Amino acid sequence: MGVKKTANTSVVLRTEDLSKRYGRITAVDSLNIRLLQGEVFGFLGPNGSGKSTTVGMMLGLIRPTNGRVLAFGSDMTLHPWPALKRIGSVVETPAFYPYLSGYDNLKAIGMMLGDIPAHRIDEMLELVGLGSRARDPYKSYSLGMKQRLGIASTLLRDPELIILDEPTNGLDPAGTREIRELIPRLAREGRTVFLCSHLLHEVQEVSDRVGIVRKGHLVAEGSVDELLGRGRYLRLRSEDNGALANVMTAIPWVSGVEMLDGFVRAAVPPDRAAELNRVLTGHGIYLSELAPWEADLESIFLQLTGEVSER
Amino acid sequence: MIPLLWVELFKLRKRMMTWLCALILVGLVILVYSVLWNISGRVTTFGDHHRFTSEQLRTALFLQTSVPFALQMVGSLGIILAIVLAAGAAGSEYSWGTVRLMATASSGRLRYLTAKLVIVFALVALGTLMAVAAALLYSSIITFTNSGFGFGFVNGPYLRNQLESLGRTLYVITPYVCLAFGAAVVGRSTLAGAGAGIGAAFAEPLIASLMRLGGEPWHSMPRYFMNANAQIILQQNDLPAVLPRFTPGGEDLHGVNSVEEAFLILGVYSAVFVALALFAYSRRDITAS
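Residue numbers (the working numbering), protein chains in the order written: chain A, 1 to 311; chain B, 312 to 600.
Hint data in this document are derived by calculation from the structure and do not stem from the laboratory. Any given hint could turn out to be false.
[To be verified] Here are the simulated SDA-like cross-link-like pairs (lysine to any residue), alpha carbons at most 20 Å apart as the crow flies: (1) A/K215 with A/D225; (2) A/K107 with B/M327; (3) A/K107 with A/F72; (4) A/K139 with B/Y405; (5) B/K325 with A/M111; (6) A/K215 with A/F72; (7) A/K139 with B/V354.
These numbers come from a predicted model, not from an experiment.
Please take these sequences and the hints and turn them into a complete structure.
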C-alpha cells in the first residue's frame, strides 16, 4: 500500500462527463474522476481503453467532444496554461530533442517555463541518476535513460500534479524500484500523482485509489482496499459447496455469495465469521476452509474488463 | 513571448541543420563568385549572343554590386534553403514527438507557433546577411586584385538602395517560408513542408509556362502566382544585366503586374499560409509523435 493521505484532500483535477469520439468510435465516454491532493491515483485499462486519450484531454492536448476537465479550477480546453504550469507530465514515450543533450533539453524546458534556476536542472539530473550523462546527446540514451529524463523534466517545474504514463517502461529492476519509491515520496510531499500503468502490481503497490477503465467507461473506482474487497469477503469450502452457497444466500447479513472454482466467496462482516460457522454447522455443513478472501488487482482487473491482461 | 523566442533560438542554434543551411548558402555565394571570376579571365565575351565583354563581367563582380548580387542569389537559390529551414523547424517537432512537450510547457499554442515563425524569419534574415557578408568579402578580394580599393560609391542613396534591396529580397522569401512552415504544421511533417515549398518554387514557373499557352482563362492566371510576383519585385534590385539572375522559368514579366500589385499578392499569400498554420495548430488535437 502506498502513502497515507494528508488531511488536506482538496480536488486538484476533475473530469465532468468527459467524452471523446473519433467518428463512430467512442474513445472516452462520460468519464467522471476526481484527483485529490496528495494521493496517488492509479489508472488502469487494457490497450485502446481510452487511457492516453484521457491523459491528452487532462493536459489540454486533445479537445473533448463533450464534458470538460477542470484542473486547479481552470478549464483545460479554454484556459490550460494556468493549470499546465502546475502539472508535470510524461505522456507515453518520453520525447525530447535528439540533437540536444539531456541538460540542454531540460534547459529548453526551463526557459519556456521561466524562473527555473540552472542549479535545479543539475539537481533533477542527479535525482534521476543522469548526472554523469547530462552532456551526452539525448539520441545516445537508452530507453531507461530517456524515461529518467522524462521524469526529471516532469519534476523540473516542481509540479503539484504529476501525470505519469508507464513511468517504469524500459527501466531495469533497480530503476523500477527507484521510481516505485519515488512516487509515494512525491505524494507525501503533498503532490498528486496520476499513474497510468499496465503493471497492475505496480499500481497496487503505490496507489491510494484506482480507476479501471474499459472501452472508455470507468468500470470501477475506489481505494485499492475497496476494490480488492479486503476485510469484506470470506473464502469458504465444504464437501458440498452447492449446499453451502444455498444456505449462505438465505442468511440476511451475508451478501455477494458466489461459487468460484472449488470454493465459495461471500461478503461477511468480519466480526461475524464465528457466528457464520455456527449457523452453517446448524445446517449440517462442516467447513474445511474458512479464510479471509485475498485477491490481487490483476484478478479484479480481469474480472472487470473481461479482457486478457496487457502484461 | 520573450522566453519562447529564446527557446526557439536556442533550439535552432544548437541544431546542425541551421548551420548546414548557412554553410551551403555561403558556399553557394563563394562558388558562384569563383566560377564567374574564373570565366571573366578565360573568355572575351559572355552571356546570350555574346552581349557582354569579359571586362564588363569582371567589373560587375566588384564591391559595388556585391550586395544586390548576393541578394539575387538568396532570393532565388537561397529560397530552397529557407524552405528547408522553415519546414524542418516546424515539422521535426511532430516527428520527434516534442510537439506535446512544447504544448504543455508553453504559455499558449498560438504564442508558441508565432515565436517559432519569428525565429525562423530572424535566422533567414541572418543567413541573408551572412551571404551578403561572404559576397562583400569575396568581391573585396576581386576588387583589390583588379583595381585596388575605392569606396567612392558609398553614399546615402547607395546605402538606401542596398537596404531596399535587402527588404525586397526578404519580402520575396516570406511567402515561401510561410508556405513551408504552414504545410509542415498542417501536414505534421517536415516532408510536407519541404515538399510544398520546393514544389511551389520549381513547379510554379513550369505550370505558368503551360498556362500561358492555353489561352484564357488560363493565360492570365500565372500573374497571381508567387514566382511571377517574386521576380517582379526582385527585378527592382539594381543588378547589372551581365550578372545571372538564377530565375526559374525565365518568364517575360514585363507588364504582368505592377510592383505594388506584386507586393500585395505576396502579402496575401504569406498571410493566408500563416493563418492556416495558426488555425490548424490551435484547433487540432495534439496526439501523434
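Against the structure, the hints come out as follows:
1. A/K215 with A/D225: violated, 24 Å
2. A/K107 with B/M327: holds, 18 Å
3. A/K107 with A/F72: The hint is violated at about 26 Å.
4. A/K139 with B/Y405: This hinted pair holds, its Cα atoms lying about 16 Å apart.
5. B/K325 with A/M111: holds, 15 Å
6. A/K215 with A/F72: violated, 27 Å
7. A/K139 with B/V354: Distance ~52 Å between A/K139 and B/V354 Cα, so the pair is violated.
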